Every structure is written in structure tokens, then in C-alpha cells.
Amino acid sequence: QKEVEQNSGPLSVPEGAIASLNCTYSDRVSQSFFWYRQYSGKSPELIMSIYSNGDKEDGRFTAQLNKASQYVSLLIRDSQPSDSATYLCAVHQSQGNLIFGKGTKLSVKP
Amino acid sequence: SAVISQKPSRDICQRGTSLTIQCQVDSQVTMMFWYRQQPGQSLTLIATANQGSEATYESGFVIDKFPISRPNLTFSTLTVSNMSPEDSSIYLCSVEEPGSTGELFFGEGSRLTVL
Chain A
1 QKEVEQNSGP LSVPEGAIAS LNCTYSDRVS QSFFWYRQYS GKSPELIMSI YSNGDKEDGR
61 FTAQLNKASQ YVSLLIRDSQ PSDSATYLCA VHQSQGNLIF GKGTKLSVKP
Chain B
111 SAVISQKPSR DICQRGTSLT IQCQVDSQVT MMFWYRQQPG QSLTLIATAN QGSEATYESG
171 FVIDKFPISR PNLTFSTLTV SNMSPEDSSI YLCSVEEPGS TGELFFGEGS RLTVL
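As you go down the protein sequences, you meet chains A and B in turn. Position 44 of the first sequence, counted from 1, bears residue number 44 in my numbering, the numbering being contiguous throughout. Every position in the second sequence, counted from 1, becomes a number in my numbering once 110 is added.
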């Protein structure tokens, strides 16, 4: 069974620090990977996508992909209290759907 | 990205009843999916809503319990039938837009509580 694994947290970081979120996946043929942010009571919101090995930066967010290790990560620099949310790692399947990890709850303390 | 509207946003239902959730997209999309998010859990795919044909269900989900319609490229419904308290969840409609590279966008969700 195809799986996406994340540490559930909670991950607590002080304001201004770097938050590091990790994800591993089981399906070696997967080519597209996504990070979603979900605030409590809200639906998931896409924040990053990555398709190639290496780093991809967008503002304070950096996604990292290592297909050989089947590993995806998300770094949030200069963390803000407004970044406090659950972060979901998602892996694209050939049928078009995404498989989601259980999410990591991030808490940024002022 | 497409604007995805779901109705109802929340409802409280009695055991044994059925409820239909509507998903309306403001543009034509090829792929539409229905997910469930149980309390404190991540998203689980219920089915792919196929336009003009029967939905494709994931393991553990059946058409009798979760009938799905998709009459056109902008609209779909999910019915939760003969509800029990275990069906209390958030149900999310999601779409993949034409030309996208796999990302999905979500509606606001429908929070169902079954008493």
C-alpha cells in the first residue's frame, strides 16, 4: 500500500526561527510532490510544489526533494505565529489524485 | 485557480438519514475528487468523480454508501447514505485544473455531524 509518512508533531519553534518539516513516501514512481497548509477548521491550501531533485524556494518557504531517498522536506524561514497550522505532505498518483500524509502540526511561539 | 463552492458548509444529521453535498466549480475541470477528513486525521480519498460515467471508488468505500454524480465538467454531488456517527467528518471536494502539474485545489469543505 502506498504511504506518505510525516511526524505528527507538534513541532514548536520560536518566532523568527527555521521550522523544518519532513516527509517520506513509499511509491518510487511518484514524480510530483506538494505541501499544503491547513489552518484549524479550514480546507488545505497549496503552498509549494516540487518535481525535481534539489531545492525550490518561494519567499520564506523552501521545498527539498530527494527521490533516491524518497524524501521531501519543507523549510520555513523566519517563522511567524501566522505560520502555526498543520502542514500536509502530498504525493501525486498516476490516477490523478494525491495521497496525503497525516500532517505535522506546527506551533510558532511569539 | 478555480473557485470551488461546496454546500452545505456544515450540517447536523440524524442517524439513518442521507445527505447530499454539492460541489460547484467556476470553470470546467477534468478531474474531480471527493476526500474525507475525520476528526484529527488527514485526508482520505473516497472516489474520483468521472464525468458521464460511474465514479471510481477507493478501497473501503462503496457506491451504495457514497453515491456520486458528475453530470458535467463543473458540478458534482456526493451523498452520504444511511449515516451513522462514524460518518461524522469533513467532506472535501477537490479539482485538478486543465494543464496543471498534479496539484489539487479544495473547496471549503462540508462538516457533517451525525447524532
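It is worth saying that the hints were derived from the structure and are not from the lab. Treat the hints with caution; some may be incorrect.
Covered by chain B, according to a simulated footprint, are these stretches of chain A (three or more residues, beta-carbon under 8 angstroms) [stated by the list, open to error]:
{"no.": "1", "segment": "38-51"}
{"no.": "2", "segment": "59-72"}
{"no.": "3", "segment": "101-109"}
Computed from a prediction, not measured in an experiment: that's the story for all the values here. Every residue, glycine too, gets a C-beta built ideally from N, C-alpha and C.
Hints, one by one, checked against the model:
Only when three residues or more bring their CB closer than 8 angstroms to a CB of chain B does the claim for the segment 38-51 of chain A stand; here the count is 7, and the claim holds. Remark: the segment 59-72 of chain A is not confirmed as covered by chain B, as 0 of its residues place a Cβ nearer than 8 angstroms to a Cβ of that chain, below the required three. Counting residues of the segment 101-109 of chain A whose CB lies closer than 8 angstroms to any CB of chain B gives 3, which reaches the minimum of 3, so the coverage claim holds.
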